[in-house]
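**Q** Sequence:
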Amino acid sequence: MNIQSKQKTLLLTLLCIVFLSFISCEEKKTIEKANDLTVSEGFKNPLGFYDANPTFSWKLPVAEDVKHQSAFQIVVASSEDLLPDNADLWDSGKQMTDQSVWIKYEGKPLQSRQKVYWQVKYWNQDEDASPWSAINHFELGLLNNSDWKAKWIGLDTKKEKVLGSQDNIIHRPQYLRKGFELSNDVASARLYITAKGVFDLAINGEDVSDDVMPPGYTPYQERIETITYDVTNLIESGQNTIGVEVASGWHSGRLGWMESYWSDTETPKILCQLELTMQDGSKETIISDESWKGTTNGPIRLSEIYDGETYDANLEMLGWTTNNFNDKDWETVNTFPISKDIRLEPKRHTTVKSKIELAAKEVIEKDGAFIFDFQQNMVGVPLLKVPMKKGETLKIRFAEKLSPDGSFYTKNYRTALSTNYYTASKDGVIEWMPKFTFHGFQYIELSGFDTSKTPSIDWVTGLVQYSDFEENGTFTSSHEKLNQLQSNIVWGLRGNFFDIPTDCPQRDERMGWTADAQVFGPTSIFNADVYKFWASWLQSVRESQYEDGGIPWVVPDVLFNNKVSAGWGDACAIIPWDIYNRTGDKRILEENFETMKGWVAYHEATTKNYISSMGFFADWLQPLPKNGDNRGDTSKSLIGTAFFAHSAKLTAQTAEVLGEKEEQAKYEALFKTVADAFENEFFDETGKVKGVEETQTSYLLALAYDLLSEGKQANAKKYLLEKIAEADNHLRTGFLGTPLLSEILDEMGEIDLMYKLLFNETYPSWFYSINQGATTIWERWNSYSKAEGFNPQKMNSLNHYAYGAIGEWMYERIGAIAPLEPGYKAIRIAPEPKSPLTSASAELNTPYGKVASSWKINEGTFTLNVTIPPNTTAKVILPGTAESIEDTNDIKSMSSDTGDTELLVQPGTYTFKSKL
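The working numbering applies: residue 619 is where the sequence shown begins, and numbers increase by one.
Worth flagging that the hints you see were computed from the coordinates, not collected in a lab. None of the values given here were measured: they were computed from a predicted structure. Hints may be right or wrong, so weigh each one.
Said to hold, decoys possible - Computed cross-link-like contacts, DSSO-like style, restricted to lysine-lysine with a CA-CA straight-line distance of at most 30 Å:
#1 Lys958 to Lys946
#2 Lys1204 to Lys1306
#3 Lys1510 to Lys685
#4 Lys979 to Lys1008
#5 Lys739 to Lys722
#6 Lys1053 to Lys662
#7 Lys651 to Lys722
#8 Lys1226 to Lys1204
#9 Lys651 to Lys1468
#10 Lys1493 to Lys1474
#11 Lys1412 to Lys1468
#12 Lys662 to Lys651
#13 Lys1007 to Lys1053
#14 Lys1003 to Lys767
#15 Lys1013 to Lys1003
#16 Lys662 to Lys1374
#17 Lys1374 to Lys1099
#18 Lys1181 to Lys1053
#19 Lys1412 to Lys1244
#20 Lys777 to Lys662
#21 Lys685 to Lys1204
#22 Lys1443 to Lys1330
Sequences and hints are given; from them, build the entire structure.
**A** This is how it looks when you write it as structure tokens:
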């Protein structure tokens, strides 16, 4: 080959190398990997997981080259080393879909204790592939009763015959312990535990967790939840000791009003199973059985949810959870078999924890006592650092408000004593917090401390306790009182999401009232990551449903009166549908469909010619009722029939989502029949209420639930406005009517009127309570006034979230973030800027990522900033006359019937302006 030929060959080779390198670079172009991987209702790498048939979800990264997903692949394996190429449990293969949430596992059956690893990759809108995500995992708990080898254990606490404040049997807290020896080093240790009662746990003198009052509150005759702890780092080769404290809690304490239920309750017990894998591969199991010992002669003398906790430091048992403690005087425990009738299942939402610490803001002296003011109504316990004299007893009382004369007011706690006692064993500063009770309070009164010391605010810290969820959304505005209302809503949520959704956290109630829950559901889901919380409680609703389909007033049912109420029992249909709309997860509908059907059947059984006779609480605590009744003026029959129709409609819609065509047709026909009966019974030919009291709520129900023929709707809207005008443009709605007020006025285009109602300062209104010093939502519109103190009627909770349901409208129409499709797959950004607001903003973590909306008005110019997360789209509706907006790949103009500017917007961050 001559030199020229060689040069040509070399040149061609170099060109090939360059070309192949270019192609290789193109092939190597990658996008960012998926993040925020979760299983089922939002769990991240859970231990002791409940779900052997999980769903998988992930979020796409916020990046210019990632707008949408076109495909995904999930791999699931029994070992991290098998991923991604040798997944032995499931490989979904490449699935051509934009679905990135709630993907059902379709692999090999999963078993108790199994640890499962998984990761995902996706392809973007251009079919570029992402790298594999980080490997995530979950470990299943003990899924079946047969997995337990342990026995229930406890002491006979009834024999002490300690009586409580209502002559009920009190069970002294028990201290239970077990020593054991290991000859090998431990590779892995899992402790599975639960209680008939509430427990705290230590191993070798170390606390196992910071959980508050586990395992939590369920229908105990049906199901008790179990907890799994990784205790590998606490177990030693050689001698070890487990120590468990157990108290009455919800299971064995006074709860509710039925004296026959709590006057003589079952003794608290624990069930405990420690499973050890040793370094040599061998396994050992330590169980609760007759080898354990116990005593009730410990420092916690009494502990009840309603009445508080009594602690005597003279009875402290130094080192009782360590190896060196001598328990020769302790009793041998009693043992009891596991019942097949009560399911033991891993806890399906997060435990309660101490989430926030609040410092006292002021110390007030009143009649020789000292009162610590936190300036925030809260739920939890105090952490006390108080100087004391040996043998003296510190008394700790709680109150939500002081009387106008400054005296300590506890009458609204009714029979709940809500008082703690601490007896000092030596002189000096004690540090203590109650363990097995909780309180609702803004004020704490101390007496019995060392009076030679001057009280200071650092003596008391408020530990705010609630189920361990995180913030999900935020809302703020230019108006101080509207921001206070939002704060009150959030604090009401924190105070009443204590393992279950309670009505109130302070008096002799603290029960899972169903109507309070159903009206507040959407507002709660915006503010907090509470899908798993609601899904867990709805399981309790299903377990509590009566055989005839009725739903009890409270869940878990501790009233046992076989009574139901329209608007209360309907929670079983309303909450699943609300959750579906805000998550997009069909499984919440699948789980609750049969319960919905049973409830609708119960509705039908309590009707004559489809007109309801169910009744009971009606539009609870409507303000200024003509009849003077807490149940308000709206006809109970009208309310019952309206909710019958509404639940039938929701059941039909659920059937449609689930592909149950026959069921869909059945319930659609039933809805139409009930709606026709409702219209004929309660409305005349002009669309006016007839035969019963005409109220704001009667019109709201008819309009919100689509119960009037088209010809009557316009007049019904006119009559609604007349009823509001008669009330001097104030609301006259209770628990059931209030959440519908904003929805219907918005649909009617009466935004100015809705703003008027929202910003009213005088009773009844949201700002009235704020003007009286409210820091949470109240049970009544007028529970308290600065001038007159507490409302003289019996029920006066100052922490009752139901009227906080207004938050839903604030976030969706002022903050302007609403779902257009379930799960915010499509989003509506449609702000309604009105005086007195000049700005507002909201952010929300949707299943697809963060959406944000922020607007302000400056000299007539409206500016809107929005962020739309990947794999979604948004309809943005601008008020006024928009500046010229050209169509691009990311923004498309849409036709509008209203004259407003409507835009279809792709993922990204944008600023829009208009003239008002």
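**Q** Checked against the structure, which of the hints given earlier come out wrong?
**A** 1, 2, 8, 11, 14, 16, 18, 20 and 22
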